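Number of protein chains: 4
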Amino acid sequence: MNRRILAGTHLLSGDEACAEGALAAGCNLFAGYPITPATEISERLSWRLFDVGGIFVQGADELDSLTIVIGAVHAGAKAMTATSGNGICLMQECIGYAAITETPCVIIDVQRAGPGTGIATKTMQGDIYQVRYGSNADYAIIALAPQSCQEMFDLTLEAFNLAELYRVPTFILADELIAHTREKVAIPEEVSIVSRKRPDVPPGEFIPFKVESETDVPAMPAFGEGYRLPVSGFTHTETGSPSTEYAVQNSMVRHLVNKIEKNVDKLTKVESLYLDDAEVVVLAYGSVARVAKSAVIQAREAGLKVGYLRLITIWPFPDHVIRNLAGKGLKTIVVPEMNMGQVAREVTRAIHGKAEVISFPKPGVEIHKPKEIFDFLRRVI
Amino acid sequence: MNRRILAGTHLLSGDEACAEGALAAGCNLFAGYPITPATEISERLSWRLFDVGGIFVQGADELDSLTIVIGAVHAGAKAMTATSGNGICLMQECIGYAAITETPCVIIDVQRAGPGTGIATKTMQGDIYQVRYGSNADYAIIALAPQSCQEMFDLTLEAFNLAELYRVPTFILADELIAHTREKVAIPEEVSIVSRKRPDVPPGEFIPFKVESETDVPAMPAFGEGYRLPVSGFTHTETGSPSTEYAVQNSMVRHLVNKIEKNVDKLTKVESLYLDDAEVVVLAYGSVARVAKSAVIQAREAGLKVGYLRLITIWPFPDHVIRNLAGKGLKTIVVPEMNMGQVAREVTRAIHGKAEVISFPKPGVEIHKPKEIFDFLRRVI
Amino acid sequence: MNRRILAGTHLLSGDEACAEGALAAGCNLFAGYPITPATEISERLSWRLFDVGGIFVQGADELDSLTIVIGAVHAGAKAMTATSGNGICLMQECIGYAAITETPCVIIDVQRAGPGTGIATKTMQGDIYQVRYGSNADYAIIALAPQSCQEMFDLTLEAFNLAELYRVPTFILADELIAHTREKVAIPEEVSIVSRKRPDVPPGEFIPFKVESETDVPAMPAFGEGYRLPVSGFTHTETGSPSTEYAVQNSMVRHLVNKIEKNVDKLTKVESLYLDDAEVVVLAYGSVARVAKSAVIQAREAGLKVGYLRLITIWPFPDHVIRNLAGKGLKTIVVPEMNMGQVAREVTRAIHGKAEVISFPKPGVEIHKPKEIFDFLRRVI
Amino acid sequence: MNRRILAGTHLLSGDEACAEGALAAGCNLFAGYPITPATEISERLSWRLFDVGGIFVQGADELDSLTIVIGAVHAGAKAMTATSGNGICLMQECIGYAAITETPCVIIDVQRAGPGTGIATKTMQGDIYQVRYGSNADYAIIALAPQSCQEMFDLTLEAFNLAELYRVPTFILADELIAHTREKVAIPEEVSIVSRKRPDVPPGEFIPFKVESETDVPAMPAFGEGYRLPVSGFTHTETGSPSTEYAVQNSMVRHLVNKIEKNVDKLTKVESLYLDDAEVVVLAYGSVARVAKSAVIQAREAGLKVGYLRLITIWPFPDHVIRNLAGKGLKTIVVPEMNMGQVAREVTRAIHGKAEVISFPKPGVEIHKPKEIFDFLRRVI
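Chain order of the listed sequences is A, B, C and D.
Position one of the first sequence corresponds to residue 0 (numbering that gives the first Met the number 0), numbered consecutively onward.
Position one of the second sequence corresponds to residue 0 (numbering that gives the first Met the number 0), numbered consecutively onward.
Position one of the third sequence corresponds to residue 0 (numbering that gives the first Met the number 0), numbered consecutively onward.
Position one of the fourth sequence corresponds to residue 0 (numbering that gives the first Met the number 0), numbered consecutively onward.
Next comes chain A alone, as it looks inside the complex (with noise of 0.2 Å):
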């Protein structure tokens, strides 16, 4: 039997659900701080780690647990990390860190209600801008955003996968709603997994950060393999060299940058229903995403043209499928979402003025109830 995919039909939470796709990723390092409400997906990957010859470590704190999974990673390991936006906040130095370095890593961000200390135990999705752009200069990440716990299953093993293809820091945003609800989740007996892009040349001819083109990756030995395999933090030449001249930190920005942004087709994930016809668009991700649909389908039994659009991958942003919603008679996109608008902001950005954008916020605790949105809808049409 396949210890690391717990294949069948399970009932599981989504912190659980999030600790069985890691394993089933091929996660075999996890370092983290234990935190309310992403506690869980610690406490199983400390047993379940064991299971399958992995390596538990509990951090003596965020940094800590950010910096030995970004160790890990180099000796070559697979491996996560889970907190809460908090936690975020202390590894904001890391993840920058991460970015310079290419270095493939998961970060699970159980969004909880904040600023500060907030309401450890209730929900949000007040994190969206922080895990984008909470260090500090320009970099890019991965951020997914998970509406179940199957999803928190799904996603977890697809952020390993992206995470490897494009050596980037992956978010999954997920919020203490979804960690916490306890659902049926189908773990198949295989799953497709992405490995890391090798040097396909022998040691002495090895060039650590070189690239074909800007949106191109490099390929990734791991210590002790016979390959140089600088790790610095500093702006660096493609042989790792650090470097203080222009067109070094040009065309590594770009590089950092525009491998991700530049891939935003390949990238973006979406659910939508009714769009073709659809006069106003729900558009809405993780949690609330299913209140949303749940109401747009009401709407639409109710005889308005409402279509709905759930945002799956939350960064690299997905300016295109905004753009491509308008011309079709969309009037308005409604953006519900637990915090005070910030999808919204991306989306009245992407939208370039074709639609009136009206946000619809929560800023955490309570989740929308069908009926709220229902009824904001019925006002806005």
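Just so you know, the hints here were simulated from the structure itself, not pulled from any lab data.
Source: prediction; values computed, not measured.
Honestly, I wouldn't trust all of these hints.
Which copy is meant is left open, because identical chains are indistinguishable; a pair holds if it fits in one copy or across any two.
Stated by the list, open to error - Mimicking DSS-like on lysine-lysine, the simulated pairs with C-alpha atoms at most 30 Å apart in a straight line are: (1) Lys261 x Lys368; (2) Lys261 x Lys196; (3) Lys265 x Lys330; (4) Lys261 x Lys327; (5) Lys292 x Lys196.
Starting from the known structure of chain A, fit chains B, C and D onto it as the hints suggest.
This is chains B, C and D only, laid out in the frame that chain A set:
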């Protein structure tokens, strides 16, 4: 002689001018951890604060430094820290804590090339989003971008005033170029200082977080004065008690965000030139704005219908100013900045498709040359 | 009025008296981290230092606190920290650093029951060896044991003087009983203060660690005065340069140890009673000494040939005083102490078999009662 | 093939032999922070533990490392850390915590020249008292001093056995010379391993700190086995509940100290030569003992009545062995050691004036030469 206000005209570096601005504003505690290119601020305050009976602390690290600042403010001080983007990473938890506790404080970010360690001695404008969005969940801050040593003095002083007026962390988005340039700085005999709003009721009647409306700011006593002053990172009621209620979370977060965002009119400072008939507006801020202005003047001399808009207030983002640009023949907004287009994104969002926004990014190390911008404008037109 | 010296007679706790002793001695910086039963020292200095233009810092932790003290001293301050044995653990690295850099500083250890966390609110005399031997390799320190609130004042003042005279970390071995007892403390109008030995040559001729003999103490300038003042934890020559030579290590370590150990005569303070014809001597220190003295007086009244010796100076250990007890009919030394016999071990070593040493240990929480000691003496005799 | 026991004869450095001893003893977790001259222990275990399914963690620092070790032990592991005296400073809090929680663990101290940073690459025997007395209040530990690479293997294995047998932190007092010397090390096919004493009652009847007598050691389950296993640094009753009672403190401390001190007979290991008719005994330990033995043999050959005693067990200090030296014509004990006379002090105490004790100290960097000791002996006689 008033040791606090170094009246007269001086040749000062931007960092030195910043330190003098803090002193003029009444800063009596500085806590920081050295980092290039912000170290000279610490250095100067280490002896200048001594002159005025203030306190200088080198924190154990950046977390410690902002923690000390927050504590000092609640003890009645006006307090500041200074760092670069790497240090901002480490302060993100305390930035959110300062936001939720409504702690007036000033944070100087002398931006340097990144991401990660980047290049300690080279410039960038990469932390625009970082200072706004790096902590968890929704909150708001103020950020000002100086373009000269004179403004390092003026805006640091202003930052203290705004911090007190709005009880909010207020950032100076400086950059290495301005920090290390040495220019004439005129310091007046007298400056205008905003004092903290004090309780106007006796201690027994004081409600710590009571506000008249969501854009109002509560009065703030100091520890030891007999008033209750609960300081907690938890979601709290107007009495400062922790709560897990939606109503409390909702009104608290709306207050934290809207006391800043809805006062954007009052908070906005811009500088402009030739906007009336401009077909192309160059929008810039900080050190790049100086170059941009020079290019715009040159373009006007060459007969091009070009205008110039400098944002001094970066956050809250002045959407209304951007919107007002539209409709007078404006076709294009060009945004030269030393990052991959962070403010250009915001302008795109705010302009609502009423003009084309063209980002002209240089990701640090080297500032745009006037001729580069001039040539760029020619191509655009 | 001299705010530094609170002249007059006051009712003070031991911790409060300690704080006043520090102020009278010229302490102008305190850095500490709160811990029962030493917290009241911090508390009082937090406002009393303010009165006299000094600086109070709550460190991020104990490591930070002693680090700040050491830095302040090299900047010219007289500085102190206060903690309990648990905090001493965390200061051990810096204690060694202070020793090798010959940094005069005062460390108050208000002992509480241990080991480990032990009991925060109960007394013990358990840290006798810890303050002497807890850092790596050979060095020396001074430690004084007060028995009353008055001595908390007197000996803290004395500790500052000795620290300056010998450039050495100097400890007060207080305990919870004395710290929290409230007694009459008489503070004189004037106190005798030892100033730091300053260079008597111009900066160009100054050799930082030059001594006349191994028991001599080098002159000490402050940062910013123009003198070279290398401060390094490395083995160093008299110029302060690092060295790996045996000759340098040998002379440096001998100097560090012998400037204290060979000055033991000058450093020793004891109190005694009835020693001339005593067959049994009760040797005690700190709070237990008060009880012991009372038991000895009672024993004399009962006709027993008992004497009393109180060690005020614990380190350097006054071997010569112990040796001098022998040969006058002395048969036995009884050592009541609130630990498992730490000083009894030292007395055993020092007496060289010339008398029997009987340990009378109580490992904290409860002090010996006079009757317990009296009964013990009866049994011994 | 047993990957745990590297049976056969190998050329190993002392650090490498130490790592192998740990593996042979069943160590399955190592946590440490690199420091010269102990780094090679970490280095070897980083891959050797991998071979045997164990866990290697580089802690965030020394505090973290010993904390991880303690946690692992309560989860059922045999665990170890390694450092130098500077790192021991930072572990002192956890050493006391391990003592009061009766956590079996092994701490390797590869001593280097100090105090302070001292000289990273030079030897010393300076931490004799530090490992015994550096944490607060009364407790006991075991410490063994190897004199060869073979003993780095043998005694590390022994240290694990003693740690388990007595539930106590057990130290190896190695030094830089032994750590970096490379010698033949014979590793047997089979080694004798002491298993942790397990509860012999079902969980419901288990009393965690119940002992038959104060020298007895309580049984120790692991987390997750169903037994209550309270782990607290507070003074505690036999059930593990915190207490502030004198009776509890008294019996707990006596137990912690006496389970080691009163078992000193069983714990003591020494090596001796020519003691029967010796007028002068050279007492040494660790690397110096090898030199001393050679000098003693030379002295015997020269007709001097000299004996040799090597302490392998340093703590608990074998007073009884020292006392037994007296009375057979012994006049003098010479103690050559690479510190200022730490063990000489203990010998002086233990011999009770029955012989003269002469310290022959060299404070690190350079070991005594055989001729130096021989000449010293000549002068003494």
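Hints broken by the structure, by number, lowest first? Violated hint (a single one): 5; every other hint is consistent with the structure.
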